[in-house]
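> Build the full structure now, drawing on both the sequences and the hints.
The lines below spell out each chain.
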Amino acid sequence: MLDDFMIRAALAGVGTALAAAPLGCFVVWRRMAYFGDATAHAAILGVALALALEVPIYGTVIAAALVMGIAVSTLSGRGFATDTLLGVLAHSALAFGLVAVSFQSGVRVDLMSYLFGDILAVSTTDLAVIWGGAACVAGLVAWRWSSLLLSTVGEDLAIASGVDPRREQMILTLALAVTVAVALKVIGAILISALLVIPAAAARSLARTPEAMALWAGALGILSALGGLGASFRFDTPTGPTIVCVAAVIFLLSMPLGRRKG
Amino acid sequence: MTDPYLLSARGLAVHRGATCVLHGVDLQIQRGEIVTIVGPNGSGKSTLLRALIGAARATEGEVHRAEGLRIGYVPQKLHIDPTLPLTVARFISLPTRRGDAEIADALHHAGLPDLAGRPMSGLSGGQFQRVLLARALLERPDVLMLDEPTQGLDQQGSAAFYQRIEAVRQELNCAVVMVSHELHVVMSASDRVICLNGHVCCVGTPEVVASAPEYRALFGTGTKGALALYRHTHDHGHDHDHPHADVHHEDHAI
Numbered sequence: 001m002l003d004d005f006m007i008r009a010a011l012a013g014v015g016t017a018l019a020a021a022p023l024g025c026f027v028v029w030r031r032m033a034y035f036g037d038a039t040a041h042a043a044i045l046g047v048a049l050a051l052a053l054e055v056p057i058y059g060t061v062i063a064a065a066l067v068m069g070i071a072v073s074t075l076s077g078r079g080f081a082t083d084t085l086l087g088v089l090a091h092s093a094l095a096f097g098l099v100a101v102s103f104q105s106g107v108r109v110d111l112m113s114y115l116f117g118d119i120l121a122v123s124t125t126d127l128a129v130i131w132g133g134a135a136c137v138a139g140l141v142a143w144r145w146s147s148l149l150l151s152t153v154g155e156d157l158a159i160a161s162g163v164d165p166r167r168e169q170m171i172l173t174l175a176l177a178v179t180v181a182v183a184l185k186v187i188g189a190i191l192i193s194a195l196l197v198i199p200a201a202a203a204r205s206l207a208r209t210p211e212a213m214a215l216w217a218g219a220l221g222i223l224s225a226l227g228g229l230g231a232s233f234r235f236d237t238p239t240g241p242t243i244v245c246v247a248a249v250i251f252l253l254s255m256p257l258g259r260r261k262g
Numbered sequence: 001m002t003d004p005y006l007l008s009a010r011g012l013a014v015h016r017g018a019t020c021v022l023h024g025v026d027l028q029i030q031r032g033e034i035v036t037i038v039g040p041n042g043s044g045k046s047t048l049l050r051a052l053i054g055a056a057r058a059t060e061g062e063v064h065r066a067e068g069l070r071i072g073y074v075p076q077k078l079h080i081d082p083t084l085p086l087t088v089a090r091f092i093s094l095p096t097r098r099g100d101a102e103i104a105d106a107l108h109h110a111g112l113p114d115l116a117g118r119p120m121s122g123l124s125g126g127q128f129q130r131v132l133l134a135r136a137l138l139e140r141p142d143v144l145m146l147d148e149p150t151q152g153l154d155q156q157g158s159a160a161f162y163q164r165i166e167a168v169r170q171e172l173n174c175a176v177v178m179v180s181h182e183l184h185v186v187m188s189a190s191d192r193v194i195c196l197n198g199h200v201c202c203v204g205t206p207e208v209v210a211s212a213p214e215y216r217a218l219f220g221t222g223t224k225g226a227l228a229l230y231r232h233t234h235d236h237g238h239d240h241d242h243p244h245a246d247v248h249h250e251d252h253a254i
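Residue numbers (full-length UniProt numbering), protein chains in the order written: chain A, 1 to 262; chain B, 1 to 254.
Some hints could be false.
Covered by chain A, according to a simulated footprint, are these stretches of chain B (three or more residues, beta-carbon under 8 Å) [claimed, not checked]:
(1) 51–63
(2) 71–79
(3) 83–97
Which residues of chain A face chain B? A few of them, derived with a C-beta cut under 8 Å, are [unchecked claim]:
(4) Trp29
(5) Leu150
(6) Val153
(7) Gly154
(8) Glu155
(9) Asp156
(10) Leu157
(11) Arg167
(12) Ala207
(13) Pro210
(14) Met213
Keep in mind that the hints were calculated from the coordinates and are not lab data. Using N, Cα and C, we set each Cβ at its ideal position, and we do this for glycine too.
And the structure:
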């Protein structure tokens, strides 16, 4: 069954959506969308490093994303407004990554697949990495769910209840780095944040509790992945962007529901 | 040897950037007492509470919390991002999951029996405040910390609120630390008043503080009569037609 590239692509899409959905909710609640961008763009820098040093790409991408996440967490609130800082770091990481990749001979064609994903070329090994990573992220978020939620609602409330919000922030950063590595092959560095933010935003209109929102985000993420895969096969369009287009349409359709429920 | 105090601060100073918000604060909180912190705007009242729970870092001195101290914290305000769907019941269950019966009971005692399924964003200021208090009480705190808890309540509502706090203190045998600017009302409900203005100006029973020259220098002398007036009001514990007035009658359980 795994011999069929469409089956492998579908499984990759579903796995990525499952990792991205609950995490994406926190990205939305905590207004970290730009933070997601910075982490994802650092992945290109990770790819460049991995190619230059001839080391495995997944590990290097996680490391680069993690370093970026920690840098942003540490630097924010020290003189620069966070959005300025993230704007500087996100785009610098992308630009330096692209320049660094251009020094490698023979990878110019490959570069597009890291920028926009290449879900149709997912191998069985990639699938193992994607599902392993997704399971780690989902497990981590589920384990910390209550503490993460309380830290999101109010840092002082969390501290008073014995929860350290800085630790929860680090856990989110780690989960984000793993998700970036998982999603790189599926959707590409440029559009990873879209897969985090759009299903979660669409789920907001459908949910009355945080848990319901995370479940809806997962369902809508899977729908986007499978719908996008099907549409790109039918219309011969690039798969990563098509998945995001489907997610965006779902978001648009969800908007009138939000007005009713408030 | 166990520490006789639930909470204590010694030589506490807190800076925000280069600005010194608090300095030289010594403070001890014992089980069962109601302590009120009063002071003008910007005197560091909220910062002191935050330093006591550990949310504001002490730049000098130290804060000591008793081992395993359970803190019920009610912040002055809480902004919940509109993208986060949160019902009253779900909020009350953070971080510890509570059963439906427990939630219903807590809301009943908060005087908000029908709000469990309501989104937090749909509450009025007074309702929001009481949900915050209900959540804090479910933790069965050793010390209850309230930052301007009666903000937005009218005088009758405030009086009912302080009577509820008094009942809570009896029930849980917890300490209560409150910040307030409603000097006269708060003072009549307190065992001890700390007058704060960047440092501790004076400490003592409400009567002592109200007649202290430091206090009068900060707030003038006009509150003395009001203090007596509100004591009078409290002695009666009479009914009034404020919509939330039923709260203080349920003084048996939390």
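> State whether the coverage of the stretch 51–63 of chain B by chain A holds or is violated, taking the criterion as 3 or more residues with Cβ-Cβ distances under 8 Å.
Since 3 is at least three, the answer is holds.
> Measuring from the C-beta of alanine 207/A to each C-beta in chain B, is the shortest one below 8 Å?
Holds - the Cβ of alanine 207/A comes within 8 Å of chain B, reaching about 5 Å at its closest.
> Holds or violated: tryptophan 29/A as interface residue toward chain B, Cβ cutoff 8 Å?
Cβ of tryptophan 29/A sits 4 Å from chain B, so the hint holds.
> Hint check: is the beta carbon of valine 153/A less than 8 Å from a beta carbon of chain B?
Because about 6 Å separates valine 153/A from the closest Cβ in chain B, which is inside the 8 Å limit, the hint holds.
> For the stretch 71–79 of chain B, does the count of residues with a C-beta closer than 8 Å to a C-beta of chain A reach 3?
holds (count 5)
> Let's test the interface hint: is any C-beta of chain B closer than 8 Å to that of methionine 213/A?
Result: holds, 6 Å to nearest chain B Cβ.
> Min Cβ distance, leucine 150/A to chain B: is it shorter than 8 Å?
With Cβ-Cβ at 5 Å, under 8 Å, it holds.
> Hey, does the leucine 157/A contact hint survive, CB to chain B under 8 Å?
holds (6 Å)
> Going by Cβ atoms only, is glutamate 155/A closer than 8 Å to chain B?
holds (7 Å)
> Mind checking the CB of arginine 167/A against every CB in chain B and telling me if the closest is under 8 Å?
violated (13 Å)
> Answer holds if the nearest beta-carbon of chain B is closer than 8 Å to that of proline 210/A; otherwise answer violated.
holds (6 Å)
> Return the status of the interface hint for glycine 154/A: holds when the least beta-carbon distance to chain B is below 8 Å, violated otherwise.
It holds, given that the least Cβ distance between glycine 154/A and chain B is near 5 Å, below 8 Å.
Hint 11 alone, counting from the list given before, is not met by this structure.
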